[in-house]
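> Each chain, written out:
Number of protein chains: 2
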Amino acid sequence: MTGFRFALHATDGAARTGTITTPRGEIRTPAFMPLGTAGTVKAMLPEQVRETGADIVLGNTYHLMLRPGAERVARLGGLHKFMGWERPILTDSGGFQVMSLSDLRKITEEGVRFRSHIDGSEHFLSPERAMEIQRLLGSDIQMVLDECPRLPASEAEIEKSLALSMRWAKRSKAAFGEQPDRACFGIVQGGTFAHLRKRSAEELWEIGFDGYAVGGLAVGEPQAVMFETLDAVMPHLPADRPRYLMGVGKPDDIVGAVLRGIDMFDCVIPTRAGRTAQAFTREGPLNLRNARHAEDTGPLDAHCACPACTRFSRAYLHHVVKANEIIASMLITWHNLAYYQDLMADLRTAIAQGRLAAAVAEIAQVYARPAEIEPGNGSV
Amino acid sequence: MTGFRFALHATDGAARTGTITTPRGEIRTPAFMPLGTAGTVKAMLPEQVRETGADIVLGNTYHLMLRPGAERVARLGGLHKFMGWERPILTDSGGFQVMSLSDLRKITEEGVRFRSHIDGSEHFLSPERAMEIQRLLGSDIQMVLDECPRLPASEAEIEKSLALSMRWAKRSKAAFGEQPDRACFGIVQGGTFAHLRKRSAEELWEIGFDGYAVGGLAVGEPQAVMFETLDAVMPHLPADRPRYLMGVGKPDDIVGAVLRGIDMFDCVIPTRAGRTAQAFTREGPLNLRNARHAEDTGPLDAHCACPACTRFSRAYLHHVVKANEIIASMLITWHNLAYYQDLMADLRTAIAQGRLAAAVAEIAQVYARPAEIEPGNGSV
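Note that the protein sequences, when read in sequence, are chains G and Y.
The opening residue of the first sequence carries number 16 in this note's numbering; numbering runs sequentially from there.
The opening residue of the second sequence carries number 16 in this note's numbering; numbering runs sequentially from there.
Everything labelled a hint here was simulated from the structure, so no lab data went into it.
Keep in mind that a hint or two might mislead.
Identical copies carry no separate label here, and so any pair may be met within one copy or between two of them.
[To be verified] Think about it this way: if two alpha-carbon atoms lie no more than 30 Å apart in a straight line, the pair counts; the simulated DSSO-like pairs of lysine-lysine are:
1) K337 to K96
2) K337 to K121
3) K57 to K175
4) K213 to K337
5) K337 to K57
6) K96 to K57
7) K96 to K121
8) K337 to K185
9) K188 to K96
Given the structure is predicted, the values throughout are model-derived calculations rather than measurements.
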């Protein structure tokens, strides 16, 4: 691997800001990666995603292997060309979606057999196949296959699952092989058990990855438990590699994780909320379906430069939401992604200037206000 | 009225090219007006609509009076500001949608009472109210209220309906009053009866309008009948006013009507087809859901400059159609509107250069090819 580098520019407490360099472009960290699940960030054109400030998007191995298929994407020139996004792409390994979306899962040492949620067809995902798919897609950052146990689970169940995930991590790394310019990330598992998380982190470090993700969080546990788990993991990850908290989260989740040293995030919330009239603003979250917006000529967020905020009123957004117009999803998604990217930019600047604590206090105040929305957890 | 002017630049046979000037911008004719039914051209942002080459969009009185309501739009600063489209807007009078969408219509001399298709609420539309609504919306070109009889109908029924429409046209014109910079168009009715069409045109000319529409066509009759009806109408309309064929049509319908001297069109086809995977191309129409596109790396239309054609493959468009992704509607709608605007630009140029017959032969050849699509008729 020659083209993938991570450089730290500044720290503020445990928080860090830096740059991941890839041949397809730089990723400023802390970074938020919009979901491009099935080859599109829903309701957005690629250049619009870029306009929000995104450096990288996420693609889902599970969705893309089922439709249009990894070999087909490869024949068509790879995922970047296919979806019109020439900047970096991170792909997950499919493990999480197999657990959350597919039917009839059967997990063995070899891998996981499951039925597609689209057409019921049978598929098999092993660490080797998961890595092959990501290579065929042309992913810049490829994730190991892990088992994502359903919660609640006993300590013994989590420990057994973790052991399998660690054996799969080793096989994934071997299958990734040598791919110049691309990176392979391990995934820390272990539920909410600090000693299992520590063991997982140490075993992954021993294998050696280009970056380290924390998986199995944002699956319904309280925020405090998520933060405690991060506190247990972070000291056991190498400081010179990027750290990625998978599937997180709401703005205050992200802020808390950045404070603990996380560098990368992905989450369905801003895009899914955008399709259900839920908007994040600097005055707090709000639901545009609410009748109180019907004659509000003000902008959605006076401090936002996105088209939804500069060219339309809250009254218009309310109207197109009520009328189920596609433009409602287009505009509110754009705004939410712009909001998230603005948040990440503010965090990066605050870290670089050593004033993260003050910035966080502001954000916490905004998100402590009564919320109109409940966007749900971070799973796809 | 001071700011509304129509200037003819060239004719080629009966076909004409010119410019309608309004304080909100010029409309190059022959013009195609995308439907902005409920305050949005579906799946498009306003600047994208403009990028396709559109000079004017259409708003629907019926939809807007029900939601968000004309008085509300007026309080919010008018339809242009509300929907973020500062160029000209033409509004219909609601008559056609009352017939096609609402329940429990009761037509009297005074007007039409009906129930909303949205919530069943009762509403009343008279010529005076139709014009008041369009004034409240701030429409640049306002249409008289007409009765649109259901077909098939006897000659006696059409004649009776026409007489009512002509009395309503007179009341509409009176209600329009004096609105500097805005125009009021009459609507020729009379079914497919040449003598009734002639009578209607003459009566409207006698009242005196800023432009003349032909209504009650593109409601299922054969194309030849539509063209025959136009042939019966056109000699009886003043040459110095714009002529608008309502709800038309497919490309070959438009070409045939331009040949007969029509200046303005609106139709749901390009936008509705865009949401159902149906695309117009210079090689003929096609359905992107068809599996033959699954590995086609070529562009949708090699001669089109829209984003769908320049940044994505047919294979990608096929994929996002199959996956029911919003981007499919966004891209194919954009392409279809660009295709329609390119067609209008080609027609304008051909007329100006006196070579319309040759241009029409090319277009007819394209649209004589076996079609994958059946976009239905031109009604909303």
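> Need the list of violated hint numbers for this structure, in ascending order.
Structure breaks hints 3, 4, 7, 8.
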